[in-house]
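Going down the list, the protein sequences come from chains A and B.
Counting from 1, one number per residue, gives the positions in the first sequence under the working numbering.
Counting from 1, one number per residue, gives the positions in the second sequence under the working numbering.
For the record, the hints were derived by calculation from the structure and aren't laboratory data.
As the structure is a prediction and not an experimental result, all values here were calculated from the model.
Keep in mind that a hint or two might mislead.
Stated by the list, open to error - Quick list of in silico lysine-lysine cross-link-like pairs, DSSO-like style, CA-CA up to 27 Å: (1) B:Lys3 <-> B:Lys108; (2) B:Lys70 <-> B:Lys38; (3) A:Lys9 <-> B:Lys70; (4) B:Lys108 <-> B:Lys70; (5) B:Lys38 <-> A:Lys9.
Chain residues, written in single-letter form:
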Amino acid sequence: NAGVTQTPKFQVLKTGQSMTLQCAQDMNHEYMSWYRQDPGMGLRLIHYSVGAGITDQGEVPNGYNVSRSTTEDFPLRLLSAAPSQTSVYFCASSYSQRTNTEAFFGQGTRLTVV
Amino acid sequence: AQKVTQAQTEISVVEKEDVTLDCVYETRDTTYYLFWYKQPPSGELVFLIRRNSFDEQNEISGRYSWNFQKSTSSFNFTITASQVVDSAVYFCALRHWDSGYSTLTFGKGTMLLVSP
């Protein structure tokens, strides 16, 4: 059982480049989300989805786009990368937003924008 | 506003000492869920425990224990007889509802360093 799979694990981008961080889960979870982790800031929510076709913004959505066309996949797109987006990104999924089930996290993507 | 405060940025202890990590939360919801996660130096996030707002029973799991007090909006985590392997960043998190959807809000984390 793979759980939550994020790719790539590491990435270096030049300012202005675009890229997509991939996230897939095989647990048939309803709820998926993206966080960024910066030193001293904890994990901050970027975007989340409560099911296929439904997404919403979190605390720090600017500069990021998401879509959820299937239950399994929840990619995060950076349209024009900026140095401020240098961070570690985590994708998470949980069975439902309505219960106390915990979130399962991917291994993280360390992104550097130069 | 929903908020999770972990006032201790970093704690250093010597092996076998007991240590308590504090977590204070704010929410207007009457139903909410609290979690603790561990992030070891390898970077992954590991789920430790969940607690429902209507269940104030404290919990012990081996050397770990959790004290949930609604009256003070706190959900503190104690490690008894700490070990070097406990060195990690620990996050407290709150699942709450906003505009009909729930989100998980994390504290900024407490880095625990256990030295031999």
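Violations among the numbered hints: 3
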